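Assemble the dimeric complex from its two separately framed chains, guided by the hints.
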Amino acid sequence: MNEAKNIIEINDLSYNYNHHLVLEGITFSVKSGEYLGVIGPNGGGKTTLVKIIVGLLKPTKGQVKILGQDVAHLKERYNVGYVSQRASQAIVTFPTTVEEIVRSGRTAKVGVFKRFTNHDQHFIDEAMNAADVYQFRKRLISSLSGGELQRVFIARALAGEPKILILDEPAVGIDIAAQDKFYSFLHELNGQGLTIFFVSHDIDIVAQEVHSVLCLNNRLICTGTPKDFIKQEYMEKLYGKKVRFFLHGHAHAHERESHHHEH
Amino acid sequence: MLEIFQFDFMIRAFIAGIIIGIVAPMIGVFLVVRRYSLMADTLAHVSLVGVAIGLLIRVNPVFTSAIVAVAAAMGIDKLSENKKLFGESVLALFLSGSLAIAVVIISATRGFTVDLFSFLFGSIATVATVDLYFIVPFGLLVMLTVVMLYKELFFVSFDPEVASSYGTSVKTYNLILAILAAVTISLSMRIVGILLIGALTVIPVLTAMYLSRSFKQTLGIAVVVSLFSVIAGLFLSFYFNLASGATIVVVVLVFFGLSVLFSSK
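Protein sequence lines correspond, in order, to chains A and B. For the record, in the first sequence the residue sitting at position 207 is 207 according to the numbering used here, with numbers rising by one throughout. Counting from 1 along the second sequence, just add 1000 to a position and that's the residue number in the numbering used here.
No lab work stands behind these hints: they were computed from the structure. A couple of the hints might just be wrong.
The calculated DSS-like cross-link candidates involving lysine-lysine, where the alpha carbons are at most 27 Å apart (straight line), are [to be verified]: (1) A/Lys51 with B/Lys1084; (2) A/Lys227 with A/Lys31; (3) A/Lys138 with B/Lys1216; (4) A/Lys51 with B/Lys1083; (5) A/Lys31 with A/Lys138; (6) A/Lys109 with A/Lys138; (7) A/Lys51 with B/Lys1078; (8) A/Lys31 with A/Lys61; (9) A/Lys75 with B/Lys1084; (10) B/Lys1084 with A/Lys58; (11) A/Lys61 with B/Lys1171; (12) A/Lys61 with A/Lys51.
Keep in mind that this is a model prediction, so the values were computed, not measured.
Okay, chain B solo, but in the shape it has when bound (with noise of 0.2 Å):
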């Protein structure tokens, strides 16, 4: 057996590092499509609150960072919907708004920089047994939910307007994607990182969107780009002792890279 699975930590992290890499992209390629693509950072950026309270309060950042983003979701699904605004104001709203409370709650509590900074960059070391509780059966959640609604997720992506004068609601799809982006994001972050799961969100799926003949296409090339960029990241992470959310996202975009000079597009 080879030296890093003689490691629980690094099983754990494996474990964790599949899901994600599979569930991430399922849930981006449906936000670039609709030209959302910085919804995945803003909530990874709101999530921070939730770590930031869970270490205050020493609940596990991992719960309290999936509740405050599902929050958050709702919140910019319902202040998008009202046209006063524009749906990326929201966002930049959502995304530095809750940078700062994040700050003002850290900076009043003092002491946790060390667990913050796993949080913010992701670490490989750090996914204890209690997360795969909750990263496994709701990330296989997300991976159903998204097979079961995908006909139409893909309905409302393309066409909001069509899609809803044949009675498809776009409005619950709508919420029901943002929950998802939000679930996704705390998931990933003990091992991507808060600052760098929108990379591993968006990336795989541009890279996909070279490569591919159809939307189907572009979701299995985006999902086999980011399951082999976690894996390989991880690998890499561990022999050469570097970030493992930053050394995936490097791999995700030497992919990036290499389809856009190799397509045909």
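With the rest of the complex left out, here is chain A (with noise of 0.2 Å):
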């Protein structure tokens, strides 16, 4: 059998911003089918190494290639599709619809002066089935809810056929029954074999819903399987206090809670 290829590929990854080491020494891969978490607590650098490997931010030292190629120079970029952060706070009064807002997403694959073709059309049609919002496709922004306008986003980047799926706190702004609905989709797109790269500071999603995890606090704390990074070590590493793990089925960091139990 083949070996899957990585799609990430990133070496001695360091990043300053004014003069604050916000990445050092990051090393990773991600290959082809994986669903990763990005985990770390605020100001960690998730969000910093989300944007470098989307090329929005040149690294200060160390190599980033992307399905083989330096990020720099990556031409085909839509094949990275990039659901920001900003995307829950999305400006709803833009007098645009759903359609406009997914068509938007295949932009950079069709090309300058290009308009978009009836082909064009189909793969837009079929990113925004996959992401459940073809129903209201006619309909106003403004009139989605939080979830309904974070698949919106996915669709978007699903319409540029990418090969990697790169999410930033995707569910922020989402109410609980919405986030699993959301979280039921991503597990669907990663079973259809597209690689799914999330960030999100919240350990118990990342523990029950991603295959690998990267713990990321300034430096990579850790790389391994949901299981491993459950570790005590590992979370003071992260959270730099001490925390407590209640199992309920699933894993759960309760700072607050482990204060009390640990004096």
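Given below as structure tokens:
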């Protein structure tokens, strides 16, 4: 059997911002078909890492390769579908429909001075169907709930036929019921072969959802399966204080409770 | 034939008016959704510097104002990119600063008050044939550019971060939009006037936002409202001897009021 190809390869990556080391010596790779979660505290560099991978920030040191090409020279950038943290606070007053937003995700693939063809519309419709937003494609985005809007942004990312989907805190602002539906949708996409890389501060979600985990607190604290990372030593390195887990079928990190129990 | 069309200057005013009626909201829609509505007003004030220079050196002010406005648009774009200043502060800087420069040039030279007044408030009688040589081709060029780059301008306006991550250059499209806005302002000042062009760029779009069900529809409705307002405004200003720019803007305002009253949103 062929070994899966690396979609992302990061080697000795560092990033400084205003003389402050945000990321230091990060090395890891993501294989095709993987479902990987990045966990870590606020300020631990998760969003910076995502922005470097999607080409919005230039690393201070190190190498980032996407689909075998250096990220700075990556030509077909739409191969990396990106759902940003800002998506959850989208400008809902913008007078636009679901379909117009999803279609915009294919802009770069179609190319400048070219118009969307029936072939493009086919993929746009498929993306809307996959994200279950096709039935309200004509609605203005101002009429959507947080969960629906988030699915629209995923459909936009899918419209460019990406090889990997990168999501930064995708469930922020979505209610619990919608979150469950949202994560099963991500699972489904991964089941269809799409590589997924998502960032969350929610340990519970990461532990339940992903196949492998990166723990990030300016440095790479650990990599492995969700079971591996729920270890006291890693949690202390990540969150800087003692935490304890309550296993109710899934894991929780509960900092306030932990203080109470540890004393 | 209607009496109004027996006058050459009115035919020229209608040709220029129709071009402006289409172009102004086409640019305005992208400025409004990016919360850059004041951009049009700022560039209009900047173009007053160009008008003052044009009148001073006896070159067609439409040309000089276009050059000055494009240069200012590039300057605004560059300064806004620099995260040290808020975008709106940059606009305020150019708006009031350019007005001061224009007034200094005007007061130092004196003697062109009548011409200047027509540039400030618009006048249907002042559109010369030579102005049409500029307004028609550049107006068509602005329209063509927006049509050809529509999907990129939309993407960059709605979500610059994701657009940039997909390789769509936000800087380039911001600059293109700023230059298109500068050219549009220069085209429009003969008819609508420097002080009122911002209104024709923005109010039809605000009207459309109350009525539309999509971005494309917003653009379409804004163009229809603007075109109708320009044509109605030109008729009214001819028959009632009113200032063309102000009359056009009053008609647009009536549309805006009606859309607020009757919109279901």
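Tell me if the straight-line CA distance from lysine 227 of chain A to lysine 31 of chain A falls inside 27 Å. Given that 27 Å is the threshold and the Cα spacing comes to 20 Å, the pair holds.
Next pair to validate is lysine 31 of chain A with lysine 61 of chain A; report whether the Cα-Cα distance is within 27 Å. Holds: lysine 31 of chain A and lysine 61 of chain A sit about 23 Å apart, inside 27 Å.
Between the alpha carbons of lysine 51 of chain A and lysine 1083 of chain B, is the straight-line distance 27 Å or under? holds, 18 Å
Lysine 1084 of chain B paired with lysine 58 of chain A [C-alpha distance capped at 27 Å]: Given that 27 Å is the threshold and the Cα spacing comes to 20 Å, the pair holds.
Can you confirm whether the C-alpha distance between lysine 138 of chain A and lysine 1216 of chain B stays at or below 27 Å? It holds: about 12 Å lies between the C-alpha atoms, which stays within 27 Å.
When you check the alpha-carbon spacing of lysine 51 of chain A and lysine 1084 of chain B, does it fall within 27 Å? holds, 21 Å
Quickly compare the C-alpha distance for lysine 31 of chain A and lysine 138 of chain A to 27 Å and report which way the hint goes. Judged against 27 Å, a Cα distance of about 37 Å means the pair is violated.
Quick one, are lysine 61 of chain A and lysine 51 of chain A close enough, alpha carbons at most 27 Å? OK: lysine 61 of chain A and lysine 51 of chain A at ~15 Å, within 27 Å.
Holds or violated: lysine 51 of chain A with lysine 1078 of chain B, Cα cutoff 27 Å? holds, 23 Å
Going straight from one Cα to the other, do lysine 109 of chain A and lysine 138 of chain A come out at no more than 27 Å? holds, 23 Å
Need the status of pair lysine 75 of chain A, lysine 1084 of chain B: alpha-carbon distance at most 27 Å? This hinted pair is violated, its Cα atoms lying about 31 Å apart.
So if I understand the rule, the pair passes when the alpha-carbon distance is 27 Å or less; does lysine 61 of chain A with lysine 1171 of chain B pass? Between lysine 61 of chain A and lysine 1171 of chain B the Cα gap is close to 25 Å, so the pair holds against 27 Å.
This entry does not satisfy hints 5 and 9, going by the numbered hints stated previously.
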